[in-house]
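Participant: Fit chain B to the supplied structure of chain V, relying on the hints for placement.
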Amino acid sequence: MSPRATPVQFAVAALIALFLLVFLVVPVITVIYVAFADGAGGFTLSHFSSFFHITLMRESFWNSLYVGFWSVLISSLIAIPLAYFTVRFEFRGAVLIQTLGILPLVMPPFVGAVAMQLIFGRSGGVNLLLNEWFGVTLPIMEGLNGVIFVEALHYFPFILMNLVVALNNIDSSMEESAQNLGASGLRLFRRIVFPLAMPGYVAGAALVFIKVFDDLGTPLVLNQTNLLAPQAYLRITTIGIEDPIGYVASVIMVAASLFALWASTWVMRGKDYATLQRGYAGLAKRRLSAWQTAFAYGWIVLVLLVVLAPHIGILLLSFAKLWSFSVVPETYTLAHYATVFQDSPRMIWNTVLYCGIAATLDIVIATAIAYIMLRTRIPGRQALDFTVTIALAIPGVVLGIGYLRTFRGIEIPFTGELLTSSWLLLVLAYTVRRLPYALRSCIAALQQMHVSLEEAAENLGANKGRTIRRIVVPLMAGGMLAGFIISFMTAAVELSTTIMLVTAQNDAPMSYGIYLYLQSAAGRGPGAALGMLAVLLVAVGTYLSHRLIGRTGGTQPLEVQKIAV
Amino acid sequence: MQLPAMEQSVKVKVEVSDVSLAYDRTPVLRAVSVTVEPGEFFALLGPSGSGKSTLLRLIAGFNQAQSGRILIGGEDVSRVPPWRRDIGMVFQNYALWPHKTVAENVAFGLEERRLPRDAIRTRVKAALELVGLQDYGARRPGQLSGGQQQRVAVARTIAIEPKVLLLDEPLSNLDAKLRVYMRAELLALQRKLGITTIFVTHDQEEALSISDRVAVLDGGVIQQIGTPIELYDAPANRFIANFVGTINLVRGRAARSDGGATFESPAIGRIVLPGAVGDGAAEIAIRPHAIVLAQSGAATDPACTWVDGTVGAREFLGEFVRYVIEVNGAEITADEPHFSDRVTYKPGDPVRVGIDPARVKLFPA
Numbered sequence: 001m002s003p004r005a006t007p008v009q010f011a012v013a014a015l016i017a018l019f020l021l022v023f024l025v026v027p028v029i030t031v032i033y034v035a036f037a038d039g040a041g042g043f044t045l046s047h048f049s050s051f052f053h054i055t056l057m058r059e060s061f062w063n064s065l066y067v068g069f070w071s072v073l074i075s076s077l078i079a080i081p082l083a084y085f086t087v088r089f090e091f092r093g094a095v096l097i098q099t100l101g102i103l104p105l106v107m108p109p110f111v112g113a114v115a116m117q118l119i120f121g122r123s124g125g126v127n128l129l130l131n132e133w134f135g136v137t138l139p140i141m142e143g144l145n146g147v148i149f150v151e152a153l154h155y156f157p158f159i160l161m162n163l164v165v166a167l168n169n170i171d172s173s174m175e176e177s178a179q180n181l182g183a184s185g186l187r188l189f190r191r192i193v194f195p196l197a198m199p200g201y202v203a204g205a206a207l208v209f210i211k212v213f214d215d216l217g218t219p220l221v222l223n224q225t226n227l228l229a230p231q232a233y234l235r236i237t238t239i240g241i242e243d244p245i246g247y248v249a250s251v252i253m254v255a256a257s258l259f260a261l262w263a264s265t266w267v268m269r270g271k272d273y274a275t276l277q278r279g280y281a282g283l284a285k286r287r288l289s290a291w292q293t294a295f296a297y298g299w300i301v302l303v304l305l306v307v308l309a310p311h312i313g314i315l316l317l318s319f320a321k322l323w324s325f326s327v328v329p330e331t332y333t334l335a336h337y338a339t340v341f342q343d344s345p346r347m348i349w350n351t352v353l354y355c356g357i358a359a360t361l362d363i364v365i366a367t368a369i370a371y372i373m374l375r376t377r378i379p380g381r382q383a384l385d386f387t388v389t390i391a392l393a394i395p396g397v398v399l400g401i402g403y404l405r406t407f408r409g410i411e412i413p414f415t416g417e418l419l420t421s422s423w424l425l426l427v428l429a430y431t432v433r434r435l436p437y438a439l440r441s442c443i444a445a446l447q448q449m450h451v452s453l454e455e456a457a458e459n460l461g462a463n464k465g466r467t468i469r470r471i472v473v474p475l476m477a478g479g480m481l482a483g484f485i486i487s488f489m490t491a492a493v494e495l496s497t498t499i500m501l502v503t504a505q506n507d508a509p510m511s512y513g514i515y516l517y518l519q520s521a522a523g524r525g526p527g528a529a530l531g532m533l534a535v536l537l538v539a540v541g542t543y544l545s546h547r548l549i550g551r552t553g554g555t556q557p558l559e560v561q562k563i564a565v
Numbered sequence: 001m002q003l004p005a006m007e008q009s010v011k012v013k014v015e016v017s018d019v020s021l022a023y024d025r026t027p028v029l030r031a032v033s034v035t036v037e038p039g040e041f042f043a044l045l046g047p048s049g050s051g052k053s054t055l056l057r058l059i060a061g062f063n064q065a066q067s068g069r070i071l072i073g074g075e076d077v078s079r080v081p082p083w084r085r086d087i088g089m090v091f092q093n094y095a096l097w098p099h100k101t102v103a104e105n106v107a108f109g110l111e112e113r114r115l116p117r118d119a120i121r122t123r124v125k126a127a128l129e130l131v132g133l134q135d136y137g138a139r140r141p142g143q144l145s146g147g148q149q150q151r152v153a154v155a156r157t158i159a160i161e162p163k164v165l166l167l168d169e170p171l172s173n174l175d176a177k178l179r180v181y182m183r184a185e186l187l188a189l190q191r192k193l194g195i196t197t198i199f200v201t202h203d204q205e206e207a208l209s210i211s212d213r214v215a216v217l218d219g220g221v222i223q224q225i226g227t228p229i230e231l232y233d234a235p236a237n238r239f240i241a242n243f244v245g246t247i248n249l250v251r252g253r254a255a256r257s258d259g260g261a262t263f264e265s266p267a268i269g270r271i272v273l274p275g276a277v278g279d280g281a282a283e284i285a286i287r288p289h290a291i292v293l294a295q296s297g298a299a300t301d302p303a304c305t306w307v308d309g310t311v312g313a314r315e316f317l318g319e320f321v322r323y324v325i326e327v328n329g330a331e332i333t334a335d336e337p338h339f340s341d342r343v344t345y346k347p348g349d350p351v352r353v354g355i356d357p358a359r360v361k362l363f364p365a
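In order, the protein sequence lines correspond to chains V and B.
Per this note's numbering, the first sequence runs over residues 1 to 565.
Per this note's numbering, the second sequence runs over residues 1 to 365.
There's no promise every hint is true.
[Unchecked claim] A short, non-exhaustive set of chain V residues, derived as facing chain B with CB atoms under 8 Å:
| hint | residue |
| --- | --- |
| 1 | Ala-37 |
| 2 | Glu-132 |
| 3 | Gln-447 |
| 4 | Ala-456 |
| 5 | Ile-471 |
| 6 | Pro-474 |
[What the hints assert, rightly or not] Non-contacting residues of chain B with respect to chain V, defined by C-beta distances greater than 10 Å in every case (computed):
| hint | residue |
| --- | --- |
| 7 | Pro-82 |
| 8 | Leu-96 |
| 9 | Glu-112 |
What the hints contain is simulated information worked out from the structure, not anything from laboratory work.
Small disclaimer: the values here were computed from a predicted structure and weren't measured.
Glycine included, every Cβ here is placed at the ideal spot set by N, Cα and C.
Okay, chain V solo, but in the shape it has when bound (with noise of 0.2 Å):
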């Protein structure tokens, strides 16, 4: 590491500092001020007082917590035994399972709730059949219920990934010098396989109660108003940027996702668990006997259905002609994807151009503080990374009221445009979203790239510039470009923030015009197309970048690793 910092590298640092407190840091202390400030600008508890004693408010509060921790609580009873199957066992359907973790990337909920209505609601397929059969109803879609079932069944991934990722990394000595001492089958797993797994348990959990009270489309698909999110925008578009009971639900959700943040952090405090040793050795696997097989597989399938009834039902839906009271569609038809490629090619393009703008400037932001991270001495460096980290915790609903607010009647220089009406607008709260998500790729990236590469290219004679040029970029280039994908992907998908700041409908991308086709009956199909459309966007992104990687070659990180050991 270079003793002393470049004015180059200050310059950059100073700059995407700059970027963060304008577009992060500002907008969110504009809510938390209007919340606590009265009309003279003083200190003032009084919205609060008057937030909780308006019923609905008070109502949806309990109901945020309630649906928050029944989501992680199912998700958690979906993850943990796929997760232990997939580390644990010599099974082929590991596979499967973990094509299951990038589902909920490809289609936000709010899409599949739509036909999760369609196949659990009370006159769902389910249901018909059960009432059929056995004379029984299951209210999985009622009220809150739905809310939940949907949430937990798009983000239990989050705590399967990350699970996976944890148990992986357990190194089989740990195991086997417990079985050597004497532990073994619930013990062994009870004292040292689930404590050094549990920081990805709670990374995950965390993640998903985070995912859940930012999530407004889905509640405002199901008609589930009574929630904090729709509550605040509902408040903000109906009775107005001024109200300040929508700025005190923002200042809740705020606080509830800093304190879960805050929480995954503290538990795993002190607990970076990577006993992996040279020589990659994940836990020992074990053959499944015959009817440990059949259950393994039972389950996985079972899961398997339920998380791609979603997919299936808004595919069926996008094809069907008329689709109520029956356990699937009747007739079908192509008239839904005539009327999307009629009306929307102009939101396709706006998704692309967006989204493609937002992870560029993330690969760009990402990569500068990850190098300033980890290689130079920048006084307050740390801070940048947590910055970014606390955009994890910023409700979209939250940002795009905090944007409002802050920038309203600024003028874009030179168009005399609102900045508030421009799409400009969307784009920046994109990439301040995603940034937390790139960051930690490209860090990652950097991470496990030896320094000894770069002194190696100085030592040659490569300056600074030179250096990360020809040594740290294209090293890092896997990651960034994973970083791009995640963003991009997760972008075309965000509604949040969108449906806050599209002001004309020509601007708006995609995600803005699924939600405005499910609003009513009529634009199911159509919406479900558009739905559909937005799935195969996303999934040829991934597969050509998942080419451009293969074809760069030799950017794969793990060598890199083997290397520099």
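Facilitator: Chain B alone, transformed into the frame defined by chain V:
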């Protein structure tokens, strides 16, 4: 062997003068001064945390000293960034870039020097030939064995014809057999190129076997600089005596006497030493192979001082047998050359331990 394109380089002197460095107030190097003569193969030897790698990185420009100067060929480079120093360094983990082929790795430094394409090709070829890897240019580093990776790292470094060659624990990632082979190779290469070379190691055998001179560091301080034989035969202090080779240290008291000194200890009693010493607490150091053993009751050489002991443990090492002998509550390590007709002792055997005063080194405590 004829050197293609690689000429004997201009030999350069490296001077480190009064260098001190601390990380967050923890001193790592304290007033270190070393001069490495042109063309010398020089070792920095020390236990981990002694500051030897820090000193090497300082010469390469990756650390900056709080005080002191570094001169390469008489020129102060303390403020020169690493990329303008023209000092080649081979890293402990080789630091080969996985996204470049072997040939691209070797060409890197030449490209940075904006050499014409033809010249780069010739010099890459010459450097790879020099390390015997001329057929491996198109491979990726990940496809090579540890020993081959190291040769690529060396080729990449000497391709730029650096003024000085730095090697950071160059052999530590290789297995035992390969290590012995590669160190002879490295020495042969250095002699061929005549380049001033400094290498860091924690392995005293490695340092003693191939270097012209060695600087031993401990706690960020240079303990002694000398040829391997000087370090071994005339250790400057008890740290060196203990660190370089195996040695017995016995505590006691020294006193002046006519014609020399006497040393008295509970372990070996009284021994008369040649040469003058001061009075007071002292320690004597004896190499295990300077100790003679004799069967209890056998005739003994009167030139030695003899004490009775019991064999505690023994290790058979082929050329010799290493005994740990209990002598009046102390332990003495003795090496006896081994031949098939030679008597060996078993643990528990009584034995006589002979010490030749001429081979004893005394340190004031």
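Participant: Work down the list of hints and note, for each, if the structure agrees.
Facilitator: Against the structure, the hints come out as follows:
1. Ala-37: violated (43 Å)
2. Glu-132: For V/Glu-132, the interface hint is violated, since the closest Cβ of chain B sits about 61 Å away, which is over 8 Å.
3. Gln-447: At 15 Å from the nearest chain B Cβ, V/Gln-447 fails the 8 Å test, so the hint is violated.
4. Ala-456: holds (4 Å)
5. Ile-471: holds (6 Å)
6. Pro-474: With Cβ-Cβ at 5 Å, under 8 Å, it holds.
7. Pro-82: Check fails; 4 Å does not lie beyond 10 Å.
8. Leu-96: For B/Leu-96, whose nearest Cβ neighbour in chain V is about 6 Å away, the distance does not exceed 10 Å, so it is violated.
9. Glu-112: violated (4 Å)
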